[in-house]
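Novice: Starting from the known structure of chain A, fit chain B onto it as the hints suggest.
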Amino acid sequence: MEDVRTLKELQLDALREVANIGAGHAATALSQMTNRTIMIAVPEVNVRPLEEVTDLVGRPDEVVAAVLMHMMGDLTGRTLVMFDERSARALCDILFRRSAGTTGEFGAMEQSGLKEAGNILASAYMNALSDFMGMMLVPSVPSLVVDLSAAVLTTTYLNFGHDRDFVFCVETSFRVEGDTQPLRGHFLLLPDTPSLRAIFDAIRLT
Amino acid sequence: MTGEILVRVADLRAGSGDEVLVTVGLGSCVAVLLHDPAVKVGGLAHVLLPSPALSRKDDNPAKFPQTAIPRLLELMAARGASGRRVTARLVGGASMFASLAAPGTIQMGERNVVACRQTLNQHGVALVGEATGGGFGRTVRLRVADGRVEISSVAHGTQIL
Numbered sequence: 297m298e299d300v301r302t303l304k305e306l307q308l309d310a311l312r313e314v315a316n317i318g319a320g321h322a323a324t325a326l327s328q329m330t331n332r333t334i335m336i337a338v339p340e341v342n343v344r345p346l347e348e349v350t351d352l353v354g355r356p357d358e359v360v361a362a363v364l365m366h367m368m369g370d371l372t373g374r375t376l377v378m379f380d381e382r383s384a385r386a387l388c389d390i391l392f393r394r395s396a397g398t399t400g401e402f403g404a405m406e407q408s409g410l411k412e413a414g415n416i417l418a419s420a421y422m423n424a425l426s427d428f429m430g431m432m433l434v435p436s437v438p439s440l441v442v443d444l445s446a447a448v449l450t451t452t453y454l455n456f457g458h459d460r461d462f463v464f465c466v467e468t469s470f471r472v473e474g475d476t477q478p479l480r481g482h483f484l485l486l487p488d489t490p491s492l493r494a495i496f497d498a499i500r501l502t
Numbered sequence: 007m008t009g010e011i012l013v014r015v016a017d018l019r020a021g022s023g024d025e026v027l028v029t030v031g032l033g034s035c036v037a038v039l040l041h042d043p044a045v046k047v048g049g050l051a052h053v054l055l056p057s058p059a060l061s062r063k064d065d066n067p068a069k070f071p072q073t074a075i076p077r078l079l080e081l082m083a084a085r086g087a088s089g090r091r092v093t094a095r096l097v098g099g100a101s102m103f104a105s106l107a108a109p110g111t112i113q114m115g116e117r118n119v120v121a122c123r124q125t126l127n128q129h130g131v132a133l134v135g136e137a138t139g140g141g142f143g144r145t146v147r148l149r150v151a152d153g154r155v156e157i158s159s160v161a162h163g164t165q166i167l
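Note that the protein sequences, when read in sequence, are chains A and B.
With the working numbering applied, the first sequence has no gaps in its numbers, which climb one by one up to 502 at the end.
With the working numbering applied, the second sequence has no gaps in its numbers, which climb one by one up to 167 at the end.
Hints are not guaranteed to be accurate.
Said to hold, decoys possible - Label pairs and their computed distance ranges (CB to CB):
| no. | chain 1 | residue 1 | chain 2 | residue 2 | range |
| --- | --- | --- | --- | --- | --- |
| 1 | A | Arg393 | B | Ala132 | 53 to 59 Å |
| 2 | B | Ile112 | A | Ser327 | 37 to 43 Å |
| 3 | B | Ala104 | A | Asp357 | 20 to 26 Å |
| 4 | B | Ala108 | A | Glu401 | 29 to 35 Å |
| 5 | A | Phe392 | B | His129 | 51 to 57 Å |
| 6 | A | Asn423 | B | Asp65 | 39 to 45 Å |
| 7 | B | Asp65 | A | Pro490 | 21 to 27 Å |
| 8 | B | Ala104 | A | Glu381 | 20 to 26 Å |
Unchecked claim - What the simulated footprint calls covered on chain B by chain A, stretch by stretch (three residues with Cβ under 8 Å from a Cβ of chain A suffice, anywhere in the stretch; the number is not a length):
| no. | region |
| --- | --- |
| 9 | 13 to 26 |
| 10 | 29 to 37 |
| 11 | 54 to 63 |
| 12 | 95 to 107 |
| 13 | 111 to 118 |
| 14 | 140 to 153 |
If you're looking for bench data, these hints aren't it; they were derived computationally from the structure.
Even for Gly, the Cβ is constructed at its ideal location relative to N, Cα and C.
Next up, chain A with everything else stripped away, as it sits in the complex (with noise of 0.2 Å):
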């Protein structure tokens, strides 16, 4: 498993279900947050050179809240939870019973709201995997940014990751039902490359 762009067709699949369940069960924690639907796409297994790490989710010179955690224990990489300013303000809206449109800074109130509706997520997505696969997951605690997309994307891989050349991400998208303000993520898991042999193995895929 030294290169990601080997992965075979069944692989990809099963990453897509490993996926589908992690956030499956983020929506869930979302939809309790907000009491509102949520919806989520088919999750995308995305591989880029390094050169084009800012072309993997959503546009490079868009704004975003990003939080970061490490994910321990049988598997080792990071989860991260991307939503764009519009809907960052707009998750800060129902995160503090606001009217919409009210929040307007991210002060340390919003900011700390969206490191902990963050932190909320990506910790359902890791126990949904743990439960599925019977593994052991640990998160750390997350960490927030509000940043261009090209630098928290770029700083998430070269800082954090340890694959130099080419980089991947397991990606589902999001966006909350039946709003006037629209609500949208995504979420991210990001293995470290060595872990990929632990999920196929967990899932009895050879």
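Specialist: Chain B in isolation, oriented as in the chain A frame:
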């Protein structure tokens, strides 16, 4: 010729005249900005990694300072720039998500900045300004006509270096 030239991640470009070189969303990456005021020639390299040893695939010189800086100096020389007059500024090398970094480790951003300084020094290019480090991303514009460097960030607005 006028207009903004977008320099992507792991890319480098030289410009002259009224051109503006732009790179968007530097996190731990570093933008090396070179400028020769006498002939109004500038260059921008968006480097990712502090050493080619960190990569198996090292065919892209723009990824690393050790290869990007000499290549950029060549491109600028072709437009009439002289190595003796060229000055350098460095922007980027941030440590975002700093609370997740393992204690005692040197961050990729800082390593990138150090490698850029060393490479500039080896090529005898004077480093005249830096906006590096911190926990936030930066977008940078180099106006080739007068060497003005404008840095903007989500967290701290716009500054001139």
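Novice: Next step is simple, just say for each hint if it's right about the structure.
Specialist: Each hint, compared with the structure:
{"no.": "1", "hint": "A:Arg393 / B:Ala132: 53 to 59 Å", "verdict": "56 Å, holds"}
{"no.": "2", "hint": "B:Ile112 / A:Ser327: 37 to 43 Å", "verdict": "42 Å, holds"}
{"no.": "3", "hint": "B:Ala104 / A:Asp357: 20 to 26 Å", "verdict": "23 Å, holds"}
{"no.": "4", "hint": "B:Ala108 / A:Glu401: 29 to 35 Å", "verdict": "32 Å, holds"}
{"no.": "5", "hint": "A:Phe392 / B:His129: 51 to 57 Å", "verdict": "53 Å, holds"}
{"no.": "6", "hint": "A:Asn423 / B:Asp65: 39 to 45 Å", "verdict": "42 Å, holds"}
{"no.": "7", "hint": "B:Asp65 / A:Pro490: 21 to 27 Å", "verdict": "25 Å, holds"}
{"no.": "8", "hint": "B:Ala104 / A:Glu381: 20 to 26 Å", "verdict": "22 Å, holds"}
{"no.": "9", "hint": "13 to 26", "verdict": "holds (count 4)"}
{"no.": "10", "hint": "29 to 37", "verdict": "holds (count 6)"}
{"no.": "11", "hint": "54 to 63", "verdict": "holds (count 6)"}
{"no.": "12", "hint": "95 to 107", "verdict": "holds (count 8)"}
{"no.": "13", "hint": "111 to 118", "verdict": "holds (count 3)"}
{"no.": "14", "hint": "140 to 153", "verdict": "holds (count 5)"}
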